[in-house]
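Work out the full structure: start from the sequences and follow the hints.
Number of protein chains: 2
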Amino acid sequence: MKKQIDILQDILGTNQKIAREIRAACGGKGIFVVNLMSSPGAGKTTLLESLAGLLKDRLRMAVIEGDIETERDAERVRAKGVPAWQITTGGACHLEARMVARLLPAVGADVDILFIENVGNLVCPAGYDLGERLRVVLLSSPEGDDKPKKYPKAFRTAQVLLLTKADLLPHLPFDVQRAKAEALEINPRLQIFVLSAVTGEGMNAFADFLISERARMRDADA
Amino acid sequence: MKKQIDILQDILGTNQKIAREIRAACGGKGIFVVNLMSSPGAGKTTLLESLAGLLKDRLRMAVIEGDIETERDAERVRAKGVPAWQITTGGACHLEARMVARLLPAVGADVDILFIENVGNLVCPAGYDLGERLRVVLLSSPEGDDKPKKYPKAFRTAQVLLLTKADLLPHLPFDVQRAKAEALEINPRLQIFVLSAVTGEGMNAFADFLISERARMRDADA
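Protein sequence lines correspond, in order, to chains H and V. For the first sequence, my numbering begins at 1 and goes up steadily by one. For the second sequence, my numbering begins at 1 and goes up steadily by one.
Possibly wrong hints are sitting among the right ones.
Copies of the same chain look alike in the list, so a pair counts if it works inside one copy or between any two.
[Claimed, not checked] BS3-like mimics (lysine-lysine), calculated; alpha carbons at most 25 Å apart, straight line:
no. : residue 1 : residue 2
1   : K80       : K149
2   : K3        : K17
3   : K56       : K80
4   : K17       : K29
5   : K149      : K180
6   : K29       : K56
7   : K180      : K153
8   : K2        : K153
9   : K149      : K29
10  : K17       : K2
11  : K153      : K17
12  : K29       : K180
13  : K29       : K153
14  : K180      : K56
Simulated from the structure, these hints should not be mistaken for laboratory data.
Have a look at this one:
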């Protein structure tokens with residue numbers, strides 16, 4: 001057990017170091033990095049497809065997709081005219097900073113906002129800093145309003161919570177106020193958006209928020 | 001890396017040994033053990049609440065609940081009159097056989113079917129045998145019909161696939177035939193049920209299946 005813990009600490013220490021390098025390098029190029037985390041099927045890729053339209057002509061967007069297998073998500077994003085790179089982890093349950101670092105030369109400098117879509121998993125990705133400036137956790141209405149306290153780390157370490165698939169709320173017992181209250185109990189500083197990438201509800205507000213957060217980063221770094 | 005791989009192999013080897021002991025011990029007592037795996041919020045606990053009613057007077061049911069935090073799921077199952085024990089992993093992303101083994105004395109012998117509800121995670125639990133006779137993976141319609149190939153291990157190692165939340169199908173782009181075909185491509189022996197624990201659709205067929213599978217185990221062990 002001791003040996004396992006030492007090794008885990010080595011991995012996390014190395015990850016943290018690389019994440020700091022990514023944050024510095026991307027900050028220097030004016031790239032605002034956003035780490036998207038959620039359960040499988042909470043709507044991360046659909047969100048990116050919707051943002052591709054909303055951010056067009058406002059920010060140059062790029063995407064790194066993390067999945068265990070398949071290029072499917074990168075293909076969906078590319079079909080919206082956004083450059084995308086796929087990482088397939090081949091079994092691993094989360095992205096690590098070194099996987100992202102390896103792709104940064106390909107991403108280049110002509111990017112204003114770089115989304116990293118993590119592996120669909122509400123547990124493991126929360127432990128790994130990817131060098132992001134903004135960590136966003138998605139909770140979709142069909143998953144249930146009881147999830148924040150059951151999977152607290154993702155909610156504790158994020159700055160933003162998106163309550164997604166708001167279009168399905170009429171068909172579900174999901175209580176938006178309960179989910180918000182529980183998430184805020186874990187992390188009182190969470191900024192929360194209720195949205196649907198299908199109907200567009202709440203999407204403009206989130207797109208505007210991203211633009212202003214990027215501007216804030218630029219000011220802070222200047 | 002070598003050291004990491006060695007340690008992982010140690011963990012999995014030890015897990016496998018304990019899982020075999022659980023399988024033998026439960027088989028000897030006529031306890032049919034079912035491991036339920038899925039993403040968070042795919043409907044595992046709601047399925048168990050529904051089965052509590054359907055199996056009543058037919059099989060003595062018990063449940064071991066796995067979660068990172070909270071007793072919520074065990075409380076929901078107990079409210080249906082079914083004995084339930086909660087394992088909180090305190091951060092770990094899956095159950096391991098040793099966690100189950102520790103609870104077996106409490107579960108006792110007056111049980112016909114023991115469900116183990118794994119941590120909500122479509123990735124990590126697939127790597128850990130818990131001593132089950134039947135591994136069941138749930139995929140809920142809101143998660144999307146593209147999930148089997150993106151998270152193949154859970155589908156490859158299960159004997160049964162439940163396509164849950166069928167009541168939401170009219171509101172979603174989920175293609176049942178696509179999901180089935182893709183899952184069967186990964187694992188041609190999968191038995192698939194389409195069901196809704198809310199409306200009851202498909203639930204009787206699945207309950208009957210569990211009863212006949214338990215009988216088959218008893219015959220095989222006799």
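Okay, the hints, checked on the actual structure:
no.: 1; hint: K80 / K149; result: between (35 Å within a copy, 22 Å between copies)
no.: 2; hint: K3 / K17; result: both (21 Å within a copy, 21 Å between copies)
no.: 3; hint: K56 / K80; result: within (10 Å within a copy, 52 Å between copies)
no.: 4; hint: K17 / K29; result: within (19 Å within a copy, 52 Å between copies)
no.: 5; hint: K149 / K180; result: within (11 Å within a copy, 33 Å between copies)
no.: 6; hint: K29 / K56; result: within (19 Å within a copy, 63 Å between copies)
no.: 7; hint: K180 / K153; result: within (15 Å within a copy, 33 Å between copies)
no.: 8; hint: K2 / K153; result: within (23 Å within a copy, 29 Å between copies)
no.: 9; hint: K149 / K29; result: neither (37 Å within a copy, 36 Å between copies)
no.: 10; hint: K17 / K2; result: both (23 Å within a copy, 21 Å between copies)
no.: 11; hint: K153 / K17; result: within (21 Å within a copy, 31 Å between copies)
no.: 12; hint: K29 / K180; result: neither (35 Å within a copy, 45 Å between copies)
no.: 13; hint: K29 / K153; result: neither (30 Å within a copy, 39 Å between copies)
no.: 14; hint: K180 / K56; result: neither (30 Å within a copy, 37 Å between copies)
Hints 9, 12, 13 and 14 from the list above are not met by this structure, while the remaining hints are.
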